[in-house]
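Trainee: Following the hints, position chain V against chain F.
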Amino acid sequence: NAGVMQNPRHLVRRRGQEARLRCSPMKGHSHVYWYRQLPEEGLKFMVYLQKENIIDESGMPKERFSAEFPKEGPSILRIQQVVRGDSAAYFCASSPRQANEQFFGPGTRLTVL
Amino acid sequence: DQQVKQNSPSLSVQEGRISILNCDYTNSMFDYFLWYKKYPAEGPTFLISISSIKDKNEDGRFTVFLNKSAKHLSLHIVPSQPGDSAVYFCAASAFTLMGADGLTFGKGTHLIIQP
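Same order as they appear, the protein sequences are chains F and V. For the first sequence, the positions run 1 to 113 when the working numbering is used. For the second sequence, the positions run 1001 to 1115 when the working numbering is used.
Chain F extracted, bound-state conformation:
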């Protein structure tokens, strides 16, 4: 019974490049959440998706960031034209339908040079 999978675990990008972060939820989970953690901070909610639908993207920066959760395949968080301030740990979580507990993946640590 695999947990939430995220890849890559570490990602290094130069300013202006694109970053793609992938998340496979736990089996049977149809709700996916993305969070960002800056150094010395708590996790900040970014976006909540169900299959093929964005439910709540109130925590997403308005520009350069997008997320999807297609019918088949993992959820993708995409950051275009990365800047140094995007350097952070990005965590994905999943939950079963109508449940409050969210189960987190190991995170992707993005470093922008």
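No lab work stands behind these hints: they were computed from the structure. Check the hints yourself; a few may be wrong.
With a straight-line Cα cutoff of 35 angstroms, these simulated DSBU-like cross-link-like pairs (lysine-lysine) come out [as the list claims (entries may be wrong)]:
hint: 1; chain 1: V; residue 1: Lys1107; chain 2: V; residue 2: Lys1056
hint: 2; chain 1: F; residue 1: Lys44; chain 2: V; residue 2: Lys1071
hint: 3; chain 1: F; residue 1: Lys62; chain 2: V; residue 2: Lys1071
hint: 4; chain 1: V; residue 1: Lys1107; chain 2: V; residue 2: Lys1005
hint: 5; chain 1: F; residue 1: Lys62; chain 2: V; residue 2: Lys1056
hint: 6; chain 1: F; residue 1: Lys71; chain 2: F; residue 2: Lys27
hint: 7; chain 1: V; residue 1: Lys1056; chain 2: F; residue 2: Lys71
hint: 8; chain 1: V; residue 1: Lys1005; chain 2: F; residue 2: Lys62
hint: 9; chain 1: V; residue 1: Lys1068; chain 2: V; residue 2: Lys1107
hint: 10; chain 1: V; residue 1: Lys1071; chain 2: F; residue 2: Lys71
hint: 11; chain 1: F; residue 1: Lys44; chain 2: F; residue 2: Lys71
Mentor: Below, chain V alone, put in the same frame as chain F:
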């Protein structure tokens, strides 16, 4: 504007004693509260949760207390063990018709269990 506050960045407790981690919230729409434990370079691990209709939930060594009138919750760990050394995050959510909302996290408390 922090809606979930953990005012102690760190806490040091002797092994075998009780660890008490505190959390305050400001948003009265929150109706579900969770505690997560996090080791460096890993994702948060769910520990225990409590619904706003309860004032206590217990699971083994872990007990969470909720005081709705004070908008305060606490996590008790007894007895504390060396493996409990980690950062503990308090989180809150407001359940909506579309399902559970995104969680709002505090900044965490680094618990250090001393031998």
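Trainee: If a hint holds in the structure, say so; if it doesn't, say that too.
Mentor: Results of checking the hints against the structure:
no. : hint                     : verdict
1   : Lys1107/V with Lys1056/V : holds (23 angstroms)
2   : Lys44/F with Lys1071/V   : holds (21 angstroms)
3   : Lys62/F with Lys1071/V   : holds (32 angstroms)
4   : Lys1107/V with Lys1005/V : holds (7 angstroms)
5   : Lys62/F with Lys1056/V   : violated (40 angstroms)
6   : Lys71/F with Lys27/F     : holds (14 angstroms)
7   : Lys1056/V with Lys71/F   : violated (39 angstroms)
8   : Lys1005/V with Lys62/F   : holds (26 angstroms)
9   : Lys1068/V with Lys1107/V : holds (21 angstroms)
10  : Lys1071/V with Lys71/F   : violated (40 angstroms)
11  : Lys44/F with Lys71/F     : holds (26 angstroms)
The structure does not agree with the numbered hints 5, 7 and 10 stated previously, though it agrees with the rest.
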